[in-house]
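Chains as they are written, first to last, in the working numbering: chain A, 165 to 350; chain B, 96 to 418.
Because the hints were derived from the structure by calculation, they are not lab data.
Don't take every hint at face value.
In silico lysine to any residue, SDA-like type, Cα no more than 25 Å apart, as pairs [said to hold, decoys possible]:
id, chain 1, residue 1, chain 2, residue 2
1, B, LYS138, A, LEU282
2, B, LYS139, A, GLY275
3, B, LYS138, A, ASP287
4, B, LYS106, A, ASP240
5, B, LYS130, A, GLU255
6, B, LYS139, A, ARG253
7, B, LYS130, A, ILE256
8, B, LYS139, A, ASP259
9, B, LYS139, A, PHE288
10, B, LYS130, B, PRO365
11, B, LYS138, A, ARG263
12, B, LYS138, A, ARG264
13, B, LYS146, A, GLY252
14, B, LYS138, A, ASP241
15, B, LYS146, A, ARG276
16, B, LYS139, A, PRO257
Listed below are the residues making up each chain.
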Amino acid sequence: MTRETEPHVLLDAAGVEETLAQLADGIVSGGSTHDLVLIGIRRRGVELAERLSVLVGDRVGGPVATGSLDITLYRDDFGQIGSMPLIGRTEIPVDVTGRRVVIVDDVLYTGRTIRAALNEISDFGRPSRIELCVLVDRGGRELPIQADYVGLSQLVADGEHVEVRVPEQDDEFCVRVVGADRTGIE
Amino acid sequence: MREAGVPGLGKDLIGLEGLAGETIRAILDTAEPFKEISERQIKKVPVLRGKTIVNLFFEPSTRTRISFEFAEKRLGADTVNISSSGSSVVKGETLVDTARNLEAMRIDMVVIRHGSSGAAKFLADRIPSNVINGGDGRHEHPTQALLDMLTLRDRLGRIDGLRVCIVGDIVHSRVARSNIFGLQAMGAEVAVCGPRSLIPLGIEALGVSVFPHIEDAIEWADALNVLRLQLERMDAGFVPSLREYNRVFGVSNARLARAPRETVVLHPGPMNRGVEIDSDVADGPQSVILPQVTNGVAVRMAVLYLLAGGRPELAEDAKRGSS
Numbered sequence: 165m166t167r168e169t170e171p172h173v174l175l176d177a178a179g180v181e182e183t184l185a186q187l188a189d190g191i192v193s194g195g196s197t198h199d200l201v202l203i204g205i206r207r208r209g210v211e212l213a214e215r216l217s218v219l220v221g222d223r224v225g226g227p228v229a230t231g232s233l234d235i236t237l238y239r240d241d242f243g244q245i246g247s248m249p250l251i252g253r254t255e256i257p258v259d260v261t262g263r264r265v266v267i268v269d270d271v272l273y274t275g276r277t278i279r280a281a282l283n284e285i286s287d288f289g290r291p292s293r294i295e296l297c298v299l300v301d302r303g304g305r306e307l308p309i310q311a312d313y314v315g316l317s318q319l320v321a322d323g324e325h326v327e328v329r330v331p332e333q334d335d336e337f338c339v340r341v342v343g344a345d346r347t348g349i350e
Numbered sequence: 096m097r098e099a100g101v102p103g104l105g106k107d108l109i110g111l112e113g114l115a116g117e118t119i120r121a122i123l124d125t126a127e128p129f130k131e132i133s134e135r136q137i138k139k140v141p142v143l144r145g146k147t148i149v150n151l152f153f154e155p156s157t158r159t160r161i162s163f164e165f166a167e168k169r170l171g172a173d174t175v176n177i178s179s180s181g182s183s184v185v186k187g188e189t190l191v192d193t194a195r196n197l198e199a200m201r202i203d204m205v206v207i208r209h210g211s212s213g214a215a216k217f218l219a220d221r222i223p224s225n226v227i228n229g230g231d232g233r234h235e236h237p238t239q240a241l242l243d244m245l246t247l248r249d250r251l252g253r254i255d256g257l258r259v260c261i262v263g264d265i266v267h268s269r270v271a272r273s274n275i276f277g278l279q280a281m282g283a284e285v286a287v288c289g290p291r292s293l294i295p296l297g298i299e300a301l302g303v304s305v306f307p308h309i310e311d312a313i314e315w316a317d318a319l320n321v322l323r324l325q326l327e328r329m330d331a332g333f334v335p336s337l338r339e340y341n342r343v344f345g346v347s348n349a350r351l352a353r354a355p356r357e358t359v360v361l362h363p364g365p366m367n368r369g370v371e372i373d374s375d376v377a378d379g380p381q382s383v384i385l386p387q388v389t390n391g392v393a394v395r396m397a398v399l400y401l402l403a404g405g406r407p408e409l410a411e412d413a414k415r416g417s418s
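Work out the full structure: start from the sequences and follow the hints.
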């Protein structure tokens, strides 16, 4: 299915747009939208959350609050990683207490990022409900965490890397699987 | 071998002398996201959870010790404060014995403030824990200079190319030394201004110019870092009187008004109002003294975070209790 070094495209630009539209539909029908906050996880989740906020906003006829989360300080492997990534900003512009929060990330894999995000959001307040929306669920969970809204479920072998490329950072919009020898940093 | 996540930063932070601009910039950049944590309702992240940090203060300090303590607690570390009064230090224990005893209790980091130049390095060379210099004698006070630079960068948008004049007692000042090394590494021009008796001979060799008159310094500088005139210096005969000092070197609004630009005024505290700085300057729009205090916590969080991270081999050493 996937050759060693040739990236295998799972979704092209049109495919990503269509998937995001379906995810937006899911979020709208999944619960109330007047108290909705979309929180993207740095880095790719932030761009996806911003796109989803526009799509959801179009469907409900009003703006949707968004925020961004950098989970570096909540990682469970601090001190084990060789070099630390530069910490990004966490910006949650509204009080999350009592609101419906949807965490947005690009790829769901081990679940450890989401564990960290849940802890961090809890330090900002007590949402009435927290849900998870991901563009790709690649399997391989190490924690009991599942997404509520999944764009694409695709089992990908360990050692392969699922890359979500967004125009803001990569000048293209697609989802692809990269072979072991070209694995980037998750 | 014991490299932290930032190039040029080793096990310890003893001083800014010899640090590259790139290293300093990385510390300042890391401080940026830490500012936000202090604005949260719950001002704590778990990144240093389970780390034990000892604040070893052999000299009186309020601001620096509290700032370090907030930084440590907001990163989730456990902290112990030891001051020279009320500890075994007064019973004659040597610095290295104090440190070895602390190590035996399995600590991870030490922040040390000491009256002797070189005390921080002395300690760092003898224990595997990370050591952060919180001010040693006349040598260095690196986190103070880092927070000064972060505040300058916030206010003026850059450090490279800035002209910064340090005013006051340069010869006894570790803050001055750390600022000179740090600012120069970051591409700023540094000058000093003060009474001849308080300017080190040969300071020009460090690439620092000397202004004998505060008026000329204000004319030249984008920012003034005004040091506290330690009152004991007067008894030692370095300055004739406080009134005299204020008349000749005091930073006043009348003097600042003649500057060709909005001079930014820093002060590491604690201030002697009406001596080195007038109250209307300290509380005026050109003063960044309170932002300095706020930034102090963020900068210290960044240093703690960077020194604590990514050194599994050191964690192994500490577990084995080697020294």
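Hint by hint, here is what the structure shows:
1. B:LYS138 with A:LEU282: Answer holds: B:LYS138 to A:LEU282 is near 16 Å, not above 25 Å.
2. B:LYS139 with A:GLY275: 23 Å, holds
3. B:LYS138 with A:ASP287: Roughly 8 Å separates the two Cα atoms, so the pair holds.
4. B:LYS106 with A:ASP240: 22 Å, holds
5. B:LYS130 with A:GLU255: With a Cα-Cα distance of about 12 Å, the restraint between B:LYS130 and A:GLU255 holds, given a limit of 25 Å.
6. B:LYS139 with A:ARG253: 15 Å, holds
7. B:LYS130 with A:ILE256: With a Cα-Cα distance of about 14 Å, the restraint between B:LYS130 and A:ILE256 holds, given a limit of 25 Å.
8. B:LYS139 with A:ASP259: Distance of about 17 Å is within 25 Å: holds.
9. B:LYS139 with A:PHE288: 10 Å, holds
10. B:LYS130 with B:PRO365: 23 Å, holds
11. B:LYS138 with A:ARG263: Satisfied, since the Cα-Cα distance of roughly 21 Å is no more than 25 Å.
12. B:LYS138 with A:ARG264: 23 Å, holds
13. B:LYS146 with A:GLY252: The given pair, whose Cα atoms are some 23 Å apart, holds under the 25 Å limit.
14. B:LYS138 with A:ASP241: 21 Å, holds
15. B:LYS146 with A:ARG276: This hinted pair holds, its Cα atoms lying about 22 Å apart.
16. B:LYS139 with A:PRO257: Judged against 25 Å, a Cα distance of about 18 Å means the pair holds.
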